[in-house]
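Engineer: Residue 1 is where the sequence shown starts when you use this note's numbering, and the numbers rise one by one after that.
Bear in mind the hints are in silico, worked out from the structure with no lab data behind them.
Heads up, a few of these hints could be off.
Unchecked claim - Computed Cβ-Cβ distance ranges for the label pairs, DEER-style:
{"hint": "1", "residue 1": "Ala172", "residue 2": "Arg33", "range": "11 to 21 angstroms"}
{"hint": "2", "residue 1": "Gly58", "residue 2": "Gly182", "range": "26 to 36 angstroms"}
{"hint": "3", "residue 1": "Val176", "residue 2": "Trp115", "range": "39 to 49 angstroms"}
{"hint": "4", "residue 1": "Val85", "residue 2": "Val176", "range": "19 to 29 angstroms"}
{"hint": "5", "residue 1": "Val176", "residue 2": "Leu199", "range": "30 to 40 angstroms"}
{"hint": "6", "residue 1": "Asp108", "residue 2": "Ala159", "range": "24 to 34 angstroms"}
{"hint": "7", "residue 1": "Gly40", "residue 2": "Thr81", "range": "28 to 38 angstroms"}
None of the values given here were measured: they were computed from a predicted structure.
Note that beta-carbon positions come from the ideal geometry of N, C-alpha and C, so glycine has one too.
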Amino acid sequence: MAGYVSGLVPGAVVSLVGGLALITFGRALLLDRHGTAVSGAALAIAAGALGVPALRWGTLSLSELVGVQSVLGPSVAVGPTQAAVSSAIALGATFVALAAWSIEPAADSRAARAWSLAEGVLGVLAAVVVFAAPGVGGRLSDWIGTPMEAAVTAGVTGAGIAAVAFAPRLFASRRVRWVLIGASAVAALSAAGVVASSL
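Build out the structure end to end from the sequences listed, making use of the hints.
Structural biologist: See the structure below:
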């Protein structure tokens, strides 16, 4: 996943989902039935939400998604307004799903929590590439894009990392966990429906 996120390895949105699925499978070996259900549901929601920009721009290729956004700007900030808002809603659903995904299995040591956080941050960076890719090119200004694009990318990254970092507190209750997972599923499906209807 690090290779796909960094652009060093060519891939597609499904490659990112495959990476998350492999991590989920590894975690499932340590989980009880409830933890497995949470992880599986969160993975499914994140996978669906990550597909919204691919649907919007008509490509699954990460390099093409980054290319489109480096020219037009981040998906969450490029009009028409309906498509941009739908992309932002799908991004929020992705972050909620990744936050729920990152808490299972519950960390019982600092090292375990750090590892879980690192995996969650990797998921966040995958979402940033898909929804709010920074510019690309040889010069520093090409990489950070315009000040507005750089601010959007930085803000999206910070919000995602905060969601994953505070996930153990946000999802302390099983009931809250399932309510937020359900809400993110509805949000992702609604966003996909709006984007699909605007094509």
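Engineer: Would you say the C-beta atoms of glycine 40 and threonine 81 sit inside 28 to 38 angstroms of each other?
Structural biologist: For threonine 81 against glycine 40, whose Cβ atoms are near 34 angstroms apart, the range 28 to 38 angstroms holds.
Engineer: I want to verify a distance hint. Is the separation of the beta carbons of valine 176 and leucine 199 within 30 to 40 angstroms?
Structural biologist: 35 angstroms, holds
Engineer: Cβ-Cβ distance between alanine 172 and arginine 33: within 11 to 21 angstroms?
Structural biologist: Given about 19 angstroms between the Cβ atoms, the range holds.
Engineer: May I ask you to test the hint 19 to 29 angstroms on the CB atoms belonging to valine 85 and valine 176?
Structural biologist: 26 angstroms, holds
Engineer: Is 39 to 49 angstroms right for how far apart the beta carbons of valine 176 and tryptophan 115 are?
Structural biologist: 24 angstroms, violated
Engineer: Verify the CB-CB distance for aspartate 108 and alanine 159 against the hinted window 24 to 34 angstroms.
Structural biologist: 27 angstroms, holds
Engineer: Quick check: does the Cβ-Cβ distance between glycine 58 and glycine 182 fall within 26 to 36 angstroms?
Structural biologist: 30 angstroms, holds
Checked against the numbered hints given earlier, this structure breaks only hint 3.
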